[in-house]
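With the sequences and hints as input, model every part of the structure.
Just so you know, the sequences run in chain order A and B. Heads up, the final residue of the first sequence is numbered 126 in my numbering, and it's a clean run with no missing numbers. Heads up, the final residue of the second sequence is numbered 1139 in my numbering, and it's a clean run with no missing numbers.
What the hints contain is simulated information worked out from the structure, not anything from laboratory work. Worth double-checking, as some hints may not be accurate.
[Unchecked claim] Distance windows between CB atoms, simulated:
#, chain 1, residue 1, chain 2, residue 2, range
1, B, N1099, A, F44, 46 to 56 angstroms
2, B, G1070, A, L96, 27 to 37 angstroms
3, A, L48, B, G1070, 45 to 55 angstroms
4, A, H59, B, R1136, 36 to 46 angstroms
[What the hints assert, rightly or not] Think about it this way: if two alpha-carbon atoms lie no more than 25 angstroms apart in a straight line, the pair counts; the simulated SDA-like pairs of lysine to any residue are:
#, chain 1, residue 1, chain 2, residue 2
5, B, K1009, A, A101
6, B, K1090, A, H35
7, B, K1009, A, T89
8, A, K98, B, Y1114
9, A, K37, A, K98
10, B, K1090, B, D1042
11, A, K37, B, Q1016
12, B, K1122, A, V72
13, A, K37, B, D1002
14, A, K103, B, I1128
15, A, K98, B, L1008
16, B, K1122, A, E93
17, B, K1047, A, S86
18, B, K1009, A, S115
19, A, K37, B, K1090
20, A, K37, A, M97
21, B, K1047, A, P34
22, B, K1009, A, H35
23, B, K1122, A, S86
24, A, K98, B, L1015
25, A, K37, B, K1009
26, B, K1122, A, I102
27, A, K98, B, D1126
[To be verified] Not close to chain A: a few residues of chain B, all C-beta gaps over 12 angstroms, as computed:
#, residue
28, A1030
29, D1037
30, R1045
31, A1053
32, S1074
33, M1092
34, L1095
35, N1099
36, L1101
37, D1106
Each residue gets a CB set at the ideal place from its N, CA and C atoms; glycine is no exception.
The primary structure of each chain is shown beneath.
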Amino acid sequence: MEPIQLFELASRQAQWLSVRQNVVAGNIANANTPHYKARDVQPFESVLQNTGVQMAATHRAHFTESADAAQVTEVSALDDVAVQQSGNTVALEEELMKTGAIKRDYELNAGLVKSFHRMILMTVRK
Amino acid sequence: MDPLTSALKVSASGLQAESTRLRIVSENIANARSTGDAPGTDPYRRKTISFAAEVDRASGASLVEVERLGTDDSDFNVEFDPGNPAADEKGMVKLPNVNILIEMADMREANRAYEANLQTIKQARDLISQTIDLLRASQ
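Structure follows, in structure tokens:
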């Protein structure tokens, strides 16, 4: 029987989406912080491609950045228009759009996992 | 830490920062006419607040915190009102350097940011409950 790849892929996408949600929440919380630069995660495709070695956190004070969290980068503002007087580059509307996209993708992901799970159960039962 | 849980934490820090800002605004508005208690003394001085990003060590997420509560060093408004207890010998009274319009604009901005943070909390909660729903027995 072919190994089923879907669950691993789905859980990685769910993890990526929650990391992104975390980053967006950080942007929104810092919408009024002077000199704060908006951040975002790299697209899921590129995260899928490079999965590297990860350092172990052996002390409470160590930064435990997961492989996904390491993909967080600063977004360069397209032009000076997006930069506020205080040096902040967060655009609230854009961040709220992003949360919408995250929510949709997460719903799709969870729905797919659910229906796949149901299909597997169907073969097991009876 | 689970990224969604830390998203909740980040948004909560945003709520706290914005509500502190709202508190400062309301202090300024409440004291917009608070003069000194003796002739010639200084009145209430407008308070200011500034935020800073703080990295959460456990998750690497950027929380927000109130960096500094300061005071606005601009000049006081001076008004001629000889009947006022705080008036000096020329009849001039120093009034706080609070501009209600600025405070109102600040209040609106804090309000909007608070709403945006609430929205993120709702969303993170939805995502978590969708994940838990995967475990429920499907019909």
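Comparing the hints with the structure gives:
Between N1099/B and F44/A the CB atoms are about 48 angstroms apart, so this pair conforms to the stated range of 46 to 56 angstroms. The hint said 27 to 37 angstroms for the Cβ distance between G1070/B and L96/A, and at roughly 31 angstroms that hint holds. Restraint check, L48/A to G1070/B: a C-beta distance of roughly 47 angstroms satisfies the suggested window 45 to 55 angstroms. At roughly 39 angstroms, the beta carbons of H59/A and R1136/B sit within the given window of 36 to 46 angstroms.
A threshold of 25 angstroms between alpha carbons decides the hint, and for K1009/B with A101/A the separation of about 21 angstroms falls inside it, so the pair holds. For the hint pairing K1090/B with H35/A, the CA-to-CA distance comes to about 46 angstroms; that exceeds 25 angstroms, so the pair is violated. Distance check on the hinted pair: K1009/B and T89/A sit about 22 angstroms apart at the alpha-carbon level, within 25 angstroms; holds. Taking the CA atoms of K98/A and Y1114/B, the gap is about 18 angstroms. The hint holds against a cut of 25 angstroms.
Taken as a hint, the K37/A and K98/A pair is honoured in the structure, with Cα atoms around 16 angstroms apart against an allowance of 25 angstroms. Of the pairs offered as hints, the one joining K1090/B and D1042/B holds, with about 15 angstroms between alpha carbons and a cut-off of 25 angstroms not exceeded. The suggested pairing of K37/A with Q1016/B holds, with an alpha-carbon distance near 21 angstroms, which does not exceed 25 angstroms. Between K1122/B and V72/A the alpha-carbon distance is near 23 angstroms, which keeps this suggested pair within the 25 angstroms criterion.
Proposed proximity of K37/A and D1002/B is supported: the alpha carbons are some 24 angstroms apart, at most 25 angstroms. Taking the CA atoms of K103/A and I1128/B, the gap is about 11 angstroms. The hint holds against a cut of 25 angstroms. Between K98/A and L1008/B the CA atoms are separated by roughly 16 angstroms; this keeps the pair inside 25 angstroms, and the hint holds. For the suggested pair K1122/B and E93/A, the alpha carbons sit about 17 angstroms apart, so the restraint of at most 25 angstroms is met.
Between K1047/B and S86/A, the direct Cα distance comes to roughly 18 angstroms. Compliance with the 25 angstroms bound is thereby established for this hinted pair. In summary, the hint linking K1009/B to S115/A is not supported, as the alpha carbons are separated by about 32 angstroms, beyond the 25 angstroms threshold. Taken as a hint, the K37/A and K1090/B pair is broken in the structure, with Cα atoms around 52 angstroms apart against an allowance of 25 angstroms. For the suggested pair K37/A and M97/A, the alpha carbons sit about 18 angstroms apart, so the restraint of at most 25 angstroms is met.
Only pairs whose Cα atoms come within 25 angstroms are accepted, and K1047/B paired with P34/A is accepted, the gap being roughly 18 angstroms. A C-alpha spacing of about 22 angstroms is found between K1009/B and H35/A, which places the hinted pair at or below 25 angstroms, so the restraint holds. With a C-alpha separation of about 28 angstroms, the suggested pair K1122/B and S86/A falls outside the 25 angstroms cut-off, and the hint is violated. Annotation: proposed proximity of K98/A to L1015/B holds, straight-line Cα distance about 20 angstroms (limit 25 angstroms).
Note on K37/A and K1009/B: the hinted pairing holds, with a Cα-Cα distance of about 20 angstroms set against a maximum of 25 angstroms. For the hint linking K1122/B to I102/A, the alpha-carbon distance of about 13 angstroms falls within 25 angstroms, and the restraint holds. For the suggested pair K98/A and D1126/B, the alpha carbons sit about 15 angstroms apart, so the restraint of at most 25 angstroms is met. With a minimum CB-CB distance of about 22 angstroms to chain A, A1030/B clears the 12 angstroms threshold, and the non-interface call stands.
No Cβ of chain A comes within 12 angstroms of the Cβ of D1037/B; the nearest lies about 35 angstroms off, and the non-interface call holds. Residue placement check: R1045/B keeps its beta carbon more than 12 angstroms from all beta carbons of chain A (closest about 22 angstroms). Non-interface status of A1053/B relative to chain A is broken: a Cβ of that chain comes within 12 angstroms, the nearest being about 5 angstroms off. For S1074/B, the non-interface assignment is confirmed: its Cβ lies about 18 angstroms from the closest Cβ of chain A, beyond the 12 angstroms cut-off.
At roughly 34 angstroms, the least C-beta separation between M1092/B and chain A is larger than 12 angstroms, which holds for a residue marked as non-interface. At the 12 angstroms boundary, the C-beta of L1095/B stays outside the reach of chain A, the nearest C-beta of that chain being 28 angstroms off. Distance to chain A confirms N1099/B as a non-interface residue, since its nearest Cβ pair spans about 18 angstroms, more than 12 angstroms. No Cβ of chain A comes within 12 angstroms of the Cβ of L1101/B; the nearest lies about 17 angstroms off, and the non-interface call holds.
Not every beta carbon of chain A lies more than 12 angstroms from that of D1106/B, the smallest distance being close to 10 angstroms; the non-interface claim is violated.
Violated hints for the displayed structure, listed by number in ascending order: 6, 18, 19, 23, 31 and 37.
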